[in-house]
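Asks: Each chain, letter by letter, is given below.
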Amino acid sequence: MERPLTQYIQANKPPMNLSEYEKVGGYKALHKALKEMKPQEVQKLVLDSNLKGRGGAGFSTGTKWSLIPMGENAPAEKYFICNADEMEPGTFKDRLLLEGNPHQLIEGIIISAYAIQANKGFIFLRWAYKKAADVILKSISEAYSAGYIGNNILGTGFNFNLYLHRSVGRYICGEETALLNALEGKRAIPRAKPPYPNISGLFGKPTTMNSVETLSFIPHIVNNGATWFKDLSITGEGGTKIYGVSGKVKNPGAWELPLGTTIREIIFEHAGGMKNGFTLKGFLPGGASTDFLTEEHLDVNMDYASLGKVGSRLGTGTMIILDDKTCPVGMVHNLEHFFAQESCGWCTPCREGLPWVEKILFSLEEGTGRMEDIDLLLFHAKHLAPGRTFCALAPGAVEPLQSSLKYFRDDYIKHIHDKRCPWR
Amino acid sequence: MINIIIDDKEYTVTPQKSLLEVCLSLGLNLPYFCWHPAMGSVGACRQCGVKSYKDEKDTKGRIVMACMEPVREGMRIGVFEDEAREFRAGVSEWLMANHPHDCPVCDEGGECHLQDMTVMNGHAYRRFHFKKRTYRNQYLGPFVNHEMNRCIHCYRCVRFYRGYAGGRDFNNFASRNHVYFGRHEDGVLQNEFSGNLVEVCPTGVFTDKTLKKHYTRKWDFTSAPSICTHCGLGCNVIAGERYGSLRRIRSRYNGEVNGYFICNRGRYGYEFVNHEKRIKKILIRNTLGDLEETDKETVMMHAAQLFSARAAVIGIGSPRASLESNFTLQKLVGKSNYFQGVSGREAELMNTILGILRKGPARSPSLKDIEKADAVLVIGEDVTNTAPMLALALRQSVRQKPLEKIKAMNVPEWQDAAVREAMQQEKGPFYIASCNETNLDDIATKTFHGSPDDIARLGFEVAAHLSATAPRVSNQVSEMPALAEEIATALKEAKRPLVVSGISSLSTEMIHAAANVAWALCGSGKRAELSFIMPEANSLGTSMLGGKSLDDAFEAAVRGRAETVVVLENDLYRRTAKDTVDKFLDTCKNVIVLDYLKNETTAKADVIIPVGTFIESDGTFVNNEGRAQRYYQVYLPSDPNLMESWRWLGEMIGQVKENSKPSMNNFADFTNALVDSYPEFEDIKEITPPPDFRIAGEKIPRQPHRYSGRTAMLANIHVSEPKPPEDPDSPLSFTMEGYRNEPPSSIIPFYWSPGWNSVQSINKYQIEVGGSLHGGDPGKRLIEPDPKSNYKYFTDIPEAFKIRDNEFLTVPVYHIYGSEEMSNLAPGIASLIPKPYAAMNPDDAGKLKVKKGDEINLIMIDQSYRLPVEIKREIPKGILGIPVGLPGTPHYVLPAWCKISGNKT
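If you read the protein sequences in the order shown, they are chains Z and B. Under this note's numbering, read the first sequence as residues 1 to 424, first letter to last. Under this note's numbering, read the second sequence as residues 425 to 1329, first letter to last.
It cannot be assumed that every hint is accurate.
What the hints assert, rightly or not - With a straight-line cut-off of 27 Å between C-alpha atoms, the simulated DSSO-like cross-links for lysine-lysine are: (1) 950(B) to 382(Z); (2) 481(B) to 382(Z); (3) 186(Z) to 205(Z); (4) 636(B) to 831(B); (5) 309(Z) to 950(B); (6) 950(B) to 205(Z); (7) 831(B) to 309(Z); (8) 792(B) to 205(Z); (9) 796(B) to 120(Z); (10) 359(Z) to 309(Z); (11) 831(B) to 792(B); (12) 796(B) to 851(B); (13) 555(B) to 359(Z).
As the list claims (entries may be wrong) - Sample of chain B residues lacking proximity to chain Z, with all beta carbon distances greater than 10 Å (derived): (14) 468; (15) 521; (16) 704; (17) 846; (18) 909; (19) 1122.
Unchecked claim - According to the in silico footprint, chain B covers these stretches of chain Z (three or more CB under 8 Å from chain B): (20) 161-171; (21) 215-224; (22) 355-362.
These are computed hints drawn from the structure, not numbers from a lab. All C-beta atoms, glycine included, are put in the ideal place defined by N, C-alpha and C.
From just these sequences and the hints, can you work out the full model?
Replies: Below, the structure written as structure tokens:
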């Protein structure tokens, strides 16, 4: 089984430096792309590979790139941004790549920037990823010395400067357009789309943004081609995916597996199954902002389309397991506390709705819940929906809420009826 | 025009608008909060959610925000269907969750947009039963009260304060459900337009602090359409009265003039009307030399005696009095004995401007036109302090040029956040030449600081770069030629270039230079506009009436031709040097003063006649654009002797010349007589309906139908309700009875529409939201340019400024709070008036060995002043900036040379 992203990452060992990376074929793709391919050819290759954004939304990377104005009439200033603001609760897959193989990411960024002809790039990094910041800074500096970043890269005339920006630590900064505002030094509130960042992005200039996992694929696609990439997956969506599992399993962690691996395989083979004494009650398949699934969904393939069909999302691909010894209401309260706290305060439903939801869930846990609260929770689940809120934060926040009301409603009722949390 | 379907009904609507604008223009009651017609859409509040359907087959649809959705041909929308209503009611519920619900004790109650929208959405039952969020309030100065707990986080305040008005000391802080709107710490809001927060805020977070001291609910005001009197721009305002005192001023929408906003001087200067210095009695000097109260008949007889004895009588008019009052004075004393109430210098400048506007090819723009200018040159004006709302318009104008590019990116103009993002810091060309720093320097492409003469020279040089026939400046120094060329290029490349100048520096050459620049642009086929700033509400109007100046009046007195002088609403001591006025008033045997406030001139009067301010009078002003605008009496004073100046003067004419039978009785008679004598004013007959105008046989009421306490408010004086007073001068009635629907645009006493109690009800009065009022915006332009003008360039280029060894050139420095006579008497404004000072360049301070705060003695013309030093880097060497109009500083005699003696204390 091929594991292009993680093959050179070894647990508890420092990442490869530049020469070690070059020894295993590093920066070959950069030579190939810059010297042998036109920017549009790189775009075409990525489009053909069917690579989809691994950050959560699953939008085709090649399509995204193709929307950037190119040619002589395009604005001279364009930006390329790597979104490394991984802050979703339970998600730690980008950290693995950032700390484990920084040059792979940097090479991917340079090639991608070349593909859209951007001369300036930023890595927007979660504030808490201090170790990642160290290795990235070191690697960027190595890449500068080797002439992979800077002016006239590899003598091709392509100029590209790359900067590391460390976020101030708000979840909303990971939202594409809020990230742009944060990077400009403004309040991290999202922007309305249209105009999309490809037209008016960072500082009002055309901008493309991809996540760490997505960009780390780029050198491999350039080296091995679109067909190779497509053939990596089990269910035709192309590539591998870093899946993660956290919760009461025997072997929590993250693994690079073919896209489309079944949930059962991930939980019971790679994560080793449930710890002794714990039973699987449900799980959030793609991180904190995806809908709960339960045992009946174990044979679903973990990919974009299959999870969509059963009413959830691939999201970041990192599962959170709910076991029978943990209160589902308490778990959802914990999640909603996070989302309410991380609301930017811009739009009414999110700013006022999520704290209300949090307060209700807390009162349920405290034993002061009322029957009407179920309706209020459903009201929020219904109206904190895409298009009704300004960005995707609140709709994501209510995904675990609405699905828990679907699968674990009896537990909610029991809280109200017993006037206490049955798990306490 | 395009067609859209709303709730299965087809409508033809204007394209390129947001769906919200379109719905509101159609008269549909679609609730909103964060959108503002002057500031566009940002999509924050989510209140205007509607259902949008992809096509005929789409039965599900999806909720979209009307404010963020461009209207498209054939689009299908559901505004009033259940799911959209349910969502909007949900937004109300969220907003009300933490709102204190303190309407009974909230100053916004009864005119609160949040109340209106909550009711409109049908949200009536509270489900939120947790503890509400609370905030700490701030002290924000004398104008604006802060009550953060009421906030619904629509972000309008911060968007207005920072984005629209360019303020810096106000912001949004923190995040999630604890976003805070205020200053970084308690303190006076620095922006000159901060008072608009009380109208921009949809609820009671920001309320009028001056109103709070004599609070009245909206429905209890008697109000009338009025015109602001605190500068020459003529912003439209609504004035509200209760219990015989003026309670507040609000902006009155005029799409061509002030739009939705007014400045703080205009909003808060009103309290002079209630001032203890008000003249309320007829006073006559007795044989002992003391002023004593008398009655109307006595004073009329006295006046008749003075006038009929064939004695020399002169009249001195005033640029703060109405056209009608000035004209009636002229009629009383005869045209040759009438003098404009301004100094010779000012009269000459005003005449020059009038000539330029009447005969030249450049048009005088409205404030709305100024907002649309795409390249601007300001010659010698500190606009923020001499004509504040013009500065606000200029702040919008610098966005015009970059906006063109953004429109080409397919970003709609109304999508404010996206426009500002794409625009970044980019600004259109905007050049300021002034003696000192100005509050617009932050948006200027470049600034030039020089003496008035050097500023004029720069202007002349710009004109020379634009036209080969315009005169060139010789003996140039410093960086001027390159700058002039740069400015000329920018103006030439613009579609709507604008030149702004004015009389604040009392420099004819500056005005000539400004005309040369505008004319040179017109000559090359540009639609160039030329705006002159004037100090007073009727500066241009009185100047159009003509007449000699105060200097000539002084001369006449010396020659014995002014035994009796009638002074109309004018404190002569604010016009020229004290000694000159003293001498003049001493020479005149009889000084009759008509005014509303005691001042230095009334102190010298033999007869004082109490007259109405703009609040107790009807009248017409001509603003700096040349737009004649009518203001209406708000309430009838209880004292019958407190009359409009024109009525007093008219009765005097009756007494003196027409054997007690005056031919002019109501306001229309005076206007008609004015037009007969001055055909140029013909159009003022059309600015408003005549006094006998009725709709369905009814007058327009000054009081809303919810006006309360009418039978009780005077019950302590008399048990029976007094007969409602008549208004012979206008179609407005003083009571709540009358026509309830929308009146013609010039006589809107207050905004109200069923369901819309707040100021947002303006939407219902406009043809399209944000556009003109139904029937057109009020006022008539009296002066239009002559496109075929045979103009000749002015050639009086002054010599370059030369620094003198032992003298300084003192130039006037203006302050929004302090330089205007009447507003200075309002306590809030008075508290912000700076202490007098003398501002100088650091080099000069070094030479004089003085530092900030040291006091120096200035000897200027005939007076000496002791002032503390201010250091200003921008003031050129050899020049001293002195604030004018403040207590303790000179009035309108600058620039002048002065000597400095006795440094330090």
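Asks: Just pull the numbers of the violated hints for me, sorted ascending.
Replies: When the structure is compared with the hints, numbers 1, 4, 5, 6, 7, 8, 9, 10, 14, 15, 17, 20 and 21 turn out to be violated.
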